[in-house]
Amino acid sequence: MEAEKVGLSLRPTQLLLFGNPQAGTPLMVAEPTIALDLPLKVVAWEAADGKVWLGYNDVHYLQQRYLLSDELVKHIDVMAPLIHQALL
Numbered sequence: 001m002e003a004e005k006v007g008l009s010l011r012p013t014q015l016l017l018f019g020n021p022q023a024g025t026p027l028m029v030a031e032p033t034i035a036l037d038l039p040l041k042v043v044a045w046e047a048a049d050g051k052v053w054l055g056y057n058d059v060h061y062l063q064q065r066y067l068l069s070d071e072l073v074k075h076i077d078v079m080a081p082l083i084h085q086a087l088l
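Per full-length UniProt numbering, residue 1 is the first one in the sequence shown, and the count goes up by one each step.
Derived from the structure by calculation, the hints contain no laboratory data.
Don't be surprised by glycine CBs; every beta carbon is placed ideally from N, CA and C.
Relax, there's no trap hidden among the hints.
30 Å max Cα-Cα, derived DSS-like pairs, lysine-lysine:
hint, residue 1, residue 2
1, 5, 51
2, 5, 41
3, 74, 41
4, 41, 51
Ranges of calculated distance between the beta carbons of each label pair, as one might list FRET restraints:
hint, residue 1, residue 2, range
5, 86, 4, 22 to 32 Å
6, 20, 50, 29 to 39 Å
7, 71, 1, 36 to 46 Å
8, 4, 69, 44 to 54 Å
9, 26, 5, 34 to 44 Å
10, 11, 32, 33 to 43 Å
11, 60, 29, 15 to 25 Å
12, 64, 11, 26 to 36 Å
13, 43, 69, 26 to 36 Å
Take these sequences, add in the hints, and give me the full structure.
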């Protein structure tokens with residue numbers, strides 16, 4: 001693990017990336033700074049008690065942050081359904 005190479009420890013952690021140029025490009029045309037949040041990301045980590053947690057930026061947060069239209073956002077509104085499906 002990279003943390004160990006520098007003398008640090010890190011509980012099991014994974015970063016998952018979700019990208020699609022057909023969805024992301026129109027968003028970046030409308031608001032170039034959304035590239036800071038694309039591709040979409042989910043971080044999964046194991047807590048000290050052994051529980052696994054997931055974190056991600058909700059699409060509605062991104063919509064408000066970048067003042068995006070509903071039409072643009074619908075193309076990236078996939079995170080919650082994907083996570084829900086994976087947890088079943």
